[in-house]
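A.B. asks: Given chain A, work out where chain B should sit, using these hints.
Number of protein chains: 2
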Amino acid sequence: MKVIKKILQMQKVADEARCAGRKVGFVPTMGYLHKGHLSLIRQARQLSELVVVSIFVNPTQFGPHEDYQNYPRDLSRDAKLLRQVGCDILFLPSVEEMYPQGYCSYVDVENLTQLLCGASRPSHFRGVATVVTKLFNIVKPHLAVFGQKDAQQAFVIRRMVTDLNQDLEIVVAPTIREPDGLAMSSRNEYLTPQERADALVLYQALKWAHEQIVEGQRNIEYLVQGMTKMIQNKKTAQIDYISFVDTEKLHSLKRLEGEVLIALAVKFGRARLIDNLLIKV
Amino acid sequence: MKVIKKILQMQKVADEARCAGRKVGFVPTMGYLHKGHLSLIRQARQLSELVVVSIFVNPTQFGPHEDYQNYPRDLSRDAKLLRQVGCDILFLPSVEEMYPQGYCSYVDVENLTQLLCGASRPSHFRGVATVVTKLFNIVKPHLAVFGQKDAQQAFVIRRMVTDLNQDLEIVVAPTIREPDGLAMSSRNEYLTPQERADALVLYQALKWAHEQIVEGQRNIEYLVQGMTKMIQNKKTAQIDYISFVDTEKLHSLKRLEGEVLIALAVKFGRARLIDNLLIKV
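Residue numbers (my numbering), protein chains in the order written: chain A, 11 to 291; chain B, 11 to 291.
Just chain A, same shape as in the assembly (with noise of 0.2 angstroms):
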């Protein structure tokens, strides 16, 4: 595995990649890696000739008050892992590399971004969108994959990509969850065990609301309601939301019809899960 810190040399050895014929798959990531990333850099290697990812603790999608200092790093296991899985590129920028002084431009979608987790983190898509646009800029990749479990993050790249021309495929592989349930996320680092125990009731309320609509269940105020009991019946856990909302614009749904997506975002202590499911009704 190569690693690569310059831009200009990411865009060269990418320009040559795509010359040679090689087609290139790109995950992006934080780092802290868990077996939700690997599955997604799995996909990327059954889909492509150059495999690259990159690490990046991206400061532009905190918010002021949020976990960016201490959000958790560990770059050798990282490394280890990443050789395991295939990688052939982990493209590694400093802070000084990817924001240099005077840096001002930003991308902004719009609509899909002021609800859900957009609502109590209003700056984050925005940070997003930013920096997946100057990796995909910088990795020249033909396909790119994002993990189910930030649904909304998906649905805003999607967006992204289509409305700014960015040519490229984008791929949403599905959520990795503990044998447990609780869906892998870098933050689950911060839980105490009981706050570990309280947060598998995340899982297991989307998995209730999903048997209830099975069952014929068709009202969302009913669901909401069950789903806020029982989250609410564990002590460590303060609800931020909890949402059924279209797939397209990511609006709250009046009827449970189509495409839904049931999105939620819990807070346990300092760590704020998110999880969902995307159904059929």
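Be aware that a few hints might be false.
All copies of an identical chain are treated as equivalent in the list; a pair is satisfied when it fits inside any one copy or across any two copies.
[Stated by the list, open to error] The calculated SDA-like cross-link candidates involving lysine to any residue, where the alpha carbons are at most 25 angstroms apart (straight line), are:
no., residue 1, residue 2
1, 45, 56
2, 259, 110
3, 90, 232
4, 264, 180
5, 22, 194
6, 22, 230
7, 290, 112
Bear in mind the hints are in silico, worked out from the structure with no lab data behind them.
C.D. replies: Leaving out everything else, chain B in the frame of chain A:
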């Protein structure tokens, strides 16, 4: 000359040219070409092997009460001129092709777009940065040529290209003027004979300020007042701004030193005209 109307076809042709080792030069325009545009295209012709010119009157860079509907258009004359000057590909997308339903992604270059023309045209540069980003992603050029006449636009594009790691070179070509000094612009078309005569004062005022500086004048207030008097002397002129700014942040200067951009915008009837001089003090 080949005419391409579809984004996917343009991207394919661009990829093929790049991988065949042909340098792609690009000149984005809104059509109604004049000698200023043609000089940009000649410059692209000299610097590259495949010259792409786009004609697209971009609705998102016009304000609600501006001249989008009435912006002059003459495609058959434009096509003839493009052939004469050695354009290889005319990229000619429709508004629907560029802004499909649900479009909601925009590029903002924050620090450079609030002042000068940005003050009276608040969403103009957002529209410009967005459409130029799209066109760069579609045409995939090695270099793009912009005119010094639109000085602020050139600064904004340069900053955006650096910030977002768009992998191309920006070339800025000198302003082309009518024999009597008026800067070439598609909007000169709007001028009545009286306004056309009055509009000469723009370049005269710029030259007067430059001469004063060469002779040792360093008082910006004195220079602005002198230029204001010259322009206000013309009945049909309505000044938007006259500014002396630095060439990094486009901020108003307190002292005349280093690289200085003297920029102005003045309305003559329906036509809002801009002009500038870039000087070293």
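A.B. asks: Indicate, hint by hint, whether the structure satisfies it.
C.D. replies: Hints, one by one, checked against the model:
no.: 1; hint: 45 - 56; verdict: within (16 angstroms within a copy, 52 angstroms between copies)
no.: 2; hint: 259 - 110; verdict: between (34 angstroms within a copy, 15 angstroms between copies)
no.: 3; hint: 90 - 232; verdict: neither (47 angstroms within a copy, 67 angstroms between copies)
no.: 4; hint: 264 - 180; verdict: neither (29 angstroms within a copy, 49 angstroms between copies)
no.: 5; hint: 22 - 194; verdict: neither (34 angstroms within a copy, 38 angstroms between copies)
no.: 6; hint: 22 - 230; verdict: neither (51 angstroms within a copy, 46 angstroms between copies)
no.: 7; hint: 290 - 112; verdict: between (47 angstroms within a copy, 22 angstroms between copies)
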